[in-house]
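Residue numbers (the numbering used here), protein chains in the order written: chain A, -5 to 157; chain B, -5 to 157; chain C, -5 to 157; chain D, -5 to 157.
Incorrect hints may appear among the rest.
One copy or two, it doesn't matter: identical chains are merged, so the pair holds either way.
[To be verified] Below, computed lysine-lysine pairings styled on DSBU-like, alpha-carbon distance capped at 30 Å:
| hint | residue 1 | residue 2 |
| --- | --- | --- |
| 1 | K96 | K(-4) |
| 2 | K48 | K(-4) |
| 3 | K48 | K96 |
| 4 | K48 | K33 |
The set of hints was computed from the structure by calculation and includes no laboratory data.
For clarity, every value in this text was computed on a predicted model and none was experimentally measured.
There are 4 protein chains.
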Amino acid sequence: MKELRIIATGGTIDKVHDTRTEALSFRSNSESHLSQMLKIGRCYFPVVEVLMLKDSLDFDDADREAIFQTASNSAENALIITHGTGTMDVTAQFLDGQIPDKTVVLTGAMRPFSLSASDGDFNLGSAVIAAQLLESGVWGVMNGRVFPAGALRKNTALGRFDD
Amino acid sequence: MKELRIIATGGTIDKVHDTRTEALSFRSNSESHLSQMLKIGRCYFPVVEVLMLKDSLDFDDADREAIFQTASNSAENALIITHGTGTMDVTAQFLDGQIPDKTVVLTGAMRPFSLSASDGDFNLGSAVIAAQLLESGVWGVMNGRVFPAGALRKNTALGRFDD
Amino acid sequence: MKELRIIATGGTIDKVHDTRTEALSFRSNSESHLSQMLKIGRCYFPVVEVLMLKDSLDFDDADREAIFQTASNSAENALIITHGTGTMDVTAQFLDGQIPDKTVVLTGAMRPFSLSASDGDFNLGSAVIAAQLLESGVWGVMNGRVFPAGALRKNTALGRFDD
Amino acid sequence: MKELRIIATGGTIDKVHDTRTEALSFRSNSESHLSQMLKIGRCYFPVVEVLMLKDSLDFDDADREAIFQTASNSAENALIITHGTGTMDVTAQFLDGQIPDKTVVLTGAMRPFSLSASDGDFNLGSAVIAAQLLESGVWGVMNGRVFPAGALRKNTALGRFDD
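Please take these sequences and the hints and turn them into a complete structure.
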């Protein structure tokens, strides 16, 4: 079975509630919830790498280049990139066609894992399977759907990704 | 994209804590948590059918025959059967080869959804994707892995399904 | 035993996470979580009244006058007012000495009940007991402490109320 | 303000779900959830002592004698004893009148803290305030009510303590 690496880049899935500001932010530059989420899912095998923890609305091409380099240089040929929902489609199209020999799945959450009742657990479980079953290419997997890079769209009105 | 039906048969994923007995049981004969879990996963499209809510250790061939009939007669060709972990392998092998034209994915949880920190959300997200991507046949999808019917095994010592 | 009324005015305890804005807001003008919190606490007897649901930083004297009138006119002589932490001290001092024949307890939360791991359940349980045991007057009860109206202070640096 | 000690003896409040047996048990002989519950309540000042972690249905007079000795010898004059609900009334009456100079509050939960939607947070917040406000004696504080030792009764049918 495929070796699987999860590359964390931040986004809502990894945000926490800051009681002082009442805003969502990250615990630190490097503390991701992904290992805890995998433990809850009783899924022991993926390698987790925290590349950065940023709101994807703040991503620039340097960030996307860093994601591309990390993905290209990874030893595994099945990759999950956790990413903010705001520009997941932009990064998917940035990577599309550039990593021909790997299956790259972007996922994230509309509601932070740390706030309970998050779609993050569901999406991460989806992405772990999709990364093992989909052919090489760049895909988005959110809310029960698989989207080719070019067809990934956030439906802000409905608060989910769908067709 | 494939139409998807989820057939609930019970198991730990749907159990609740009974404060009087301090044991796990079902809220009723028909109340499943699956619709709430799909809502949390922001996954709106699957059809949910509650066939029965039983501990799979109590299943007999009549129960498995009912599952077979329900699966065979469903209009959708992508099916998820939520099932107790105790005899998930038995039911998978009972169904194996009997439903040639459909993709049938068995899943469940080691810890009830209602108790928080459950693997149920992760597994359900996994199963929803697997049912859309896997070819026809009977599969088990648990804890991030896809198992052909004949290879599905619960690792009781580790508290998960794995190779 | 004393009859007890809980008057909801909003504040963090009743806020929810808005997936669209990623900010905290209220579900509506009238939907409080207090009845659900009491059910979880298995505490069936208090009367819950939703007066308003506002961030206490937005309170003006008209809001505080409305709170005063509602408290003064309530039939019960044990009252809890759920309130935002930002100006809980201002409202406590506004009410102090004005409702001589009732025990008035202000409480709330630093983290919303809806986000899990909230101090709201703990504080509500504290306030329910305090309203039954304290003598007439205006009090703040937060994070395990009882504060006379004039001594109520939020410690923003520590994210709690204390001495 | 009074110094406060919390003495853990076990009970449902500290139980966890064992995925292997699907029964409720304790994580170990010494791991209580009380410190985590106080942290969630943002209540930093009580001293926590784990005396034992047992189901109170298994308590014998030796266990109750150990509780009595620990309570009697504690430096603080405000004490909380977390206790199983099954025989909380028996222990309350065992201690009643034996610790004249301290306020002793027994509390616990109908549903484990570790299972979410527990009454434990609410009850612990209640007990922390009751231990500071009540006069010397032995009391039970559950589900928003204060009971003198002789009047403490579990209502098994309703799943709570009340009058």
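Hints, verified against the model:
For the homomeric pair K96 and K(-4), the shortest alpha-carbon distances inside one copy (11 Å) and between copies (25 Å) are both at most 30 Å. In this assembly of identical chains, K48 and K(-4) lie within 30 Å of each other by CA distance solely inside one copy; the values are 28 Å within and 35 Å between copies. For the homomeric pair K48 and K96, the shortest alpha-carbon distance inside one copy (24 Å) is at most 30 Å, but the shortest distance between copies (42 Å) is not. In this assembly of identical chains, the alpha carbons of K48 and K33 lie at most 30 Å apart whether taken from the same copy (23 Å) or from different copies (27 Å).
In the structure shown, no violation is registered for any of the earlier numbered hints.
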